[in-house]
Amino acid sequence: MANPQESALHYRFGDTLPPSGTTIEVAPGVRWLRMGLPFALDHINLWLLRNVDADGRPGWAIVDCGIANDATRAAWERIFEHELEGLPVLRVIVTHMHPDHIGLAHWLTERWSRAAPDPGSVVHGEPPRGAAGEASPGARDCRLWISATDWNAARLASQSTTGFGGDDAARFFARHGLTDPDALAQVRARRGYYPSMVPDVPRRFRRLMDGMVLRIGAHEWRCIAGYGHAPEHIALHCVALNLLISGDMVLPRISTNVSVIDIEPEADPLPLYLASIERLRALPADTLVLPSHGKPFTGLHERIAQLRAHHDERYADVLAACAEAPKSAADLLDVLFRRKLDLHQTTFAMGESIAHLHALQSEGRLRALEGADGVLRFEPAAAAR
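Just so you know, we're using our numbering here: the sequence shown kicks off at 98 and counts up by one.
If you're looking for bench data, these hints aren't it; they were derived computationally from the structure. Accuracy of the hints is not assured; some may be wrong.
[What the hints assert, rightly or not] Label-pair ranges, simulated between beta-carbon atoms:
1) A479 <-> R285: 36 to 44 Å
2) V149 <-> R109: 21 to 29 Å
3) R312 <-> P362: 39 to 47 Å
4) L114 <-> S293: 22 to 30 Å
5) D150 <-> T113: 25 to 33 Å
6) I351 <-> V149: 34 to 42 Å
Built from N, CA and C at the ideal position, the CB exists for glycine as well.
Given the sequences, and given the hints that come with them, work out the whole structure.
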């Protein structure tokens with residue numbers, strides 16, 4: 098939903114956006130770029146951080162990747178040609194496993210890794226030579242850095258669209274009241290949804306964990322794990338630059354999607370998400386937030402309060418609707434989302450509707466009833482039956 102209290106936030110760069118294939122410097126050694134997405138949410142913000150490898154060679158770290166398609170690869174090639182100052186990419190950091198964040202991680206790490214020269218081709222006493230005759234340094238791994246949970250989830254999803262489409266997802270949504278045959282047929286047809294945008298995931302990675310401190314170039318960045326939106330989302334905070342790369346955990350104009358999906362049908366992710374963003378209140382109020390969608394902003398504490406209030410309002414709406422008559426997650430779509438939804442949005446909306454119901458059920462305020470039609474509907478826990 099659009100943020101009705103956006104005036105409480107301050108956009109450091111106003112309405113200025115980096116055109117495709119270019120960057121804007123948001124802090125010393127930190128550059129902002131945008132890639133297109135084929136959804137209603139039509140862009141993702143990605144970040145370049147000045148870096149130095151273990152041998153002291155300068156280069157860049159990429160934070161998040163974009164989806165795997167020709168347009169995104171072409172945009173990256175323009176970035177490589179014009180924005181890297183002739184320096185290599187040394188590592189790829191991914192905040193979480195969703196396709197717009199990890200989609201091109203395999204291509205990027207392969208693109209910037211270099212194999213060691215074949216010892217048999219090296220003339221004794223001379224440095225190895227590249228194709229054009231230039232001196233060729235030794236092996237260089239451009240490694241993926243990501244939480245272990247999200248790496249494993251991405252590997253699984255890239256091989257089968259578990260949790261994102263197919264028969265299991267259709268059955269799960271049907272149990273929660275989505276009975277429209279056309280919608281269910283489209284969900285079943287999305288068997289290749291995730292692999293189409295994440296065709297491969299690097300076989301090796303470096304693990305990110307909560308509290309880990311990364312030295313990236315001249316600065317230290319602390320990893321902050323968050324839950325509810327993805328299995329183990331990692332945000333990055335730099336004290337020296339007063340920056341938070343928030344990923345999808347805190348966005349300025351829309352609320353982060355928090356969903357229940359078919360592979361974890363009893364999940365209760367909303368309390369995890371709300372507890373995760375509460376941890377971010379410990380950061381300075383004037384932190385410049387670099388979100389994955391929308392524009393860089395200050396007003397972190399205000400935005401956290403807005404998100405908390407948003408979900409409290411949605412809880413109240415769900416309770417009121419269920420008090421009128423038992424409601425399924427599908428019944429609540431018009432209550433929670435007051436706009437027309439396409440299929441992509443409907444699947445996210447169903448997951449979020451279920452998440453609100455599960456949170457209220459866990460708090461003891463709602464209980465689930467299974468109807469003769471096999472659909473789960475929820476009513477106030479105190480209701481007499």
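Do the hints match the structure? See the list:
{"no.": "1", "hint": "A479 <-> R285: 36 to 44 Å", "in the structure": "38 Å, holds"}
{"no.": "2", "hint": "V149 <-> R109: 21 to 29 Å", "in the structure": "27 Å, holds"}
{"no.": "3", "hint": "R312 <-> P362: 39 to 47 Å", "in the structure": "41 Å, holds"}
{"no.": "4", "hint": "L114 <-> S293: 22 to 30 Å", "in the structure": "27 Å, holds"}
{"no.": "5", "hint": "D150 <-> T113: 25 to 33 Å", "in the structure": "32 Å, holds"}
{"no.": "6", "hint": "I351 <-> V149: 34 to 42 Å", "in the structure": "36 Å, holds"}
Checked against the numbered hints above, the structure breaks none of them.
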